[in-house]
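Chemist: Throw the hints in and build the complete structure from the sequences for me.
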Amino acid sequence: MKSFGTLYKNELKLNIRNMNMAIFAIIMPLVVLIILGFIYGTKPAADGVVYTFLEQSIGALCTISICASGLMGLPLVVSEYRERKVLKRFQVTPVSPVKLLLVEFSIYILYCLVSLITLILTSMLIWNVRITGSLLAFLGSWILTMVSTLSIGMMVGGVAKNSKSASVIACLLYFPMLIFSGATLPIEVMPMTMQKIVSVFPLTQGIQLMKTTFLGLPTGNIWFPIVTMVAVTVVCISVAVKFFKWE
Amino acid sequence: MQTVINVEQLSKSYGNLLAIDKISLSVKRGTVFGLLGANGAGKSTTIECILGTKTADSGRVTVLGCNPKRDRKNLFQNVGVQFQECDYQPEIKVSELCEETACLYKNPSDWKGLCTKFGIGDKIQNAVKSLSGGERQRLFIVLALIPNPQLVFLDELTTGLDAKARRDVWKILSDLKSKGLTIFLTSHFMDEVETLCDEICILKQGRIVFQGTVEQAKTASGYNRFEDAYLAISGEEVCGE
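Here the protein sequences line up with chains W and F, keeping their order.
Residue 150 in our numbering sits at position 150 of the first sequence; the count goes up by one each step and never skips.
Start counting at 1 in the second sequence, then tack on 247, and there's your number in our numbering.
The set of hints was computed from the structure by calculation and includes no laboratory data.
Any given hint could be a false lead.
As the list claims (entries may be wrong) - Think about it this way: if two alpha-carbon atoms lie no more than 27 Å apart in a straight line, the pair counts; the simulated DSSO-like pairs of lysine-lysine are:
| hint | chain 1 | residue 1 | chain 2 | residue 2 |
| --- | --- | --- | --- | --- |
| 1 | W | LYS88 | F | LYS320 |
| 2 | W | LYS99 | F | LYS301 |
| 3 | F | LYS376 | W | LYS13 |
| 4 | F | LYS411 | W | LYS88 |
| 5 | F | LYS376 | W | LYS164 |
| 6 | F | LYS370 | W | LYS85 |
| 7 | F | LYS465 | F | LYS418 |
| 8 | F | LYS465 | W | LYS85 |
| 9 | F | LYS359 | W | LYS2 |
| 10 | W | LYS2 | F | LYS320 |
| 11 | F | LYS301 | W | LYS164 |
| 12 | W | LYS99 | F | LYS316 |
| 13 | W | LYS245 | W | LYS88 |
| 14 | W | LYS161 | F | LYS376 |
| 15 | W | LYS161 | F | LYS418 |
Stated by the list, open to error - Pair by pair, the computed Cβ-Cβ distance ranges are:
| hint | chain 1 | residue 1 | chain 2 | residue 2 | range |
| --- | --- | --- | --- | --- | --- |
| 16 | W | PHE243 | F | GLN331 | 53 to 63 Å |
| 17 | F | ASN395 | W | ILE35 | 28 to 38 Å |
| 18 | W | ILE143 | F | GLN458 | 30 to 40 Å |
| 19 | F | THR406 | W | ASN162 | 20 to 30 Å |
| 20 | F | GLN458 | W | PRO97 | 13 to 23 Å |
| 21 | F | ASN354 | W | THR132 | 54 to 64 Å |
| 22 | F | GLN331 | W | LYS9 | 21 to 31 Å |
| 23 | W | ASN18 | F | LYS275 | 39 to 49 Å |
| 24 | F | GLN249 | W | PHE4 | 26 to 36 Å |
| 25 | W | ASN18 | F | GLY262 | 29 to 39 Å |
| 26 | F | GLU332 | W | LEU217 | 48 to 58 Å |
| 27 | F | SER421 | W | ILE27 | 33 to 43 Å |
| 28 | F | GLY262 | W | PHE243 | 16 to 26 Å |
| 29 | W | ASN18 | F | SER421 | 39 to 49 Å |
Built from N, CA and C at the ideal position, the CB exists for glycine as well.
Modeler: Now the structure itself:
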């Protein structure tokens, strides 16, 4: 596992040097939080509810970094390495493709984690946000959302022909998910039919689950989102590993 | 002497184009084998089929007794490769690229020492993309030697190097050979081939047109200079000669 550590360290350095992810996955969600914070402050989310608008939005804000990592960062880095023949150089070494994918996968987990921590700390310190639900359940939903979204990205990076098509697929996934899954627009304001359509996105399920667990709201059917996200993860990771191409 | 690479009847085509046609060759331990031929003669395809990075249409390949596709992880513990179109992560530094390569092997050699030996010891903190063509070429030879390999593949090893650097690389490779390293190389420099190679194989349009030593090539073609002999055998004589 020494090689995992060395690869992780060096690939992380390269990733940070590139700055894209620091901006999209860490700074951007923080900026959105600060804007929302200045607008809503500690106001309740609606008349007659005990939780604030910010408390209701934390789950969705966390998914900005998840989307940036899973639907932009990860697929682009994998397909770029393939196109630049970096993977081909790895092909003539003893490293396994699973290890390489896992290294990149874990780098994006770190970005999501840093974003989660900065969001929660900032909102707690400035706007007095409190987790009224269960921290453990919230973290569980966060992990599930993140892993399922990252695995979609890994699959796209694994099967896309080149970085251009990976970037097109990534955009096709990234923007609709970001806009319609409730990460930016609250799902409640959408028409009913649309809510039904977007509910098949794993991200939508994830956001709802994170919101309920963060606020401690009565959880309706929690098995549907969990099963959806686990299924997406299993399918995407299997496809990514099975159809992995060095070149 | 032990056979390190054994290739039998290897063929590969891209669509209608037959890139290599029934190639058979074998390389013995501790020798330098040169694969020669014009651009497009099938050298890189042959190397890639031997390494298993391309799948041959037919034929059999064993490298160090392994099937390169099936035993990839074991085989590449002992094999170093320098590709012609080698690439690296944008923004990566020399030290990071070396460290990342070294960590993949059980018994890597000291990459800092190798860099110094190849004259890029003072560049290890530089970005790979800031190196000159010759420095980068030497770095990729270093990367191929990091595994402490028994066998090394060098595709156009001294392209882009100046005269002095070429001599230095030859010296280092000769030393490594005397310690038992087997070298499989391709080159367009016939002085290099003459100095380094124990055995050569000349390809023409995907077929082997000569196999033997440099001296045998001269005798067979009737030329005293090896470069003339090579051009005659590979059918690329300059018009008017």
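Chemist: Output the indices of the hints that this structure fails to meet, ascending.
Modeler: Violated hints: 4, 8, 15, 16, 17, 18, 20 and 27; rest satisfied.
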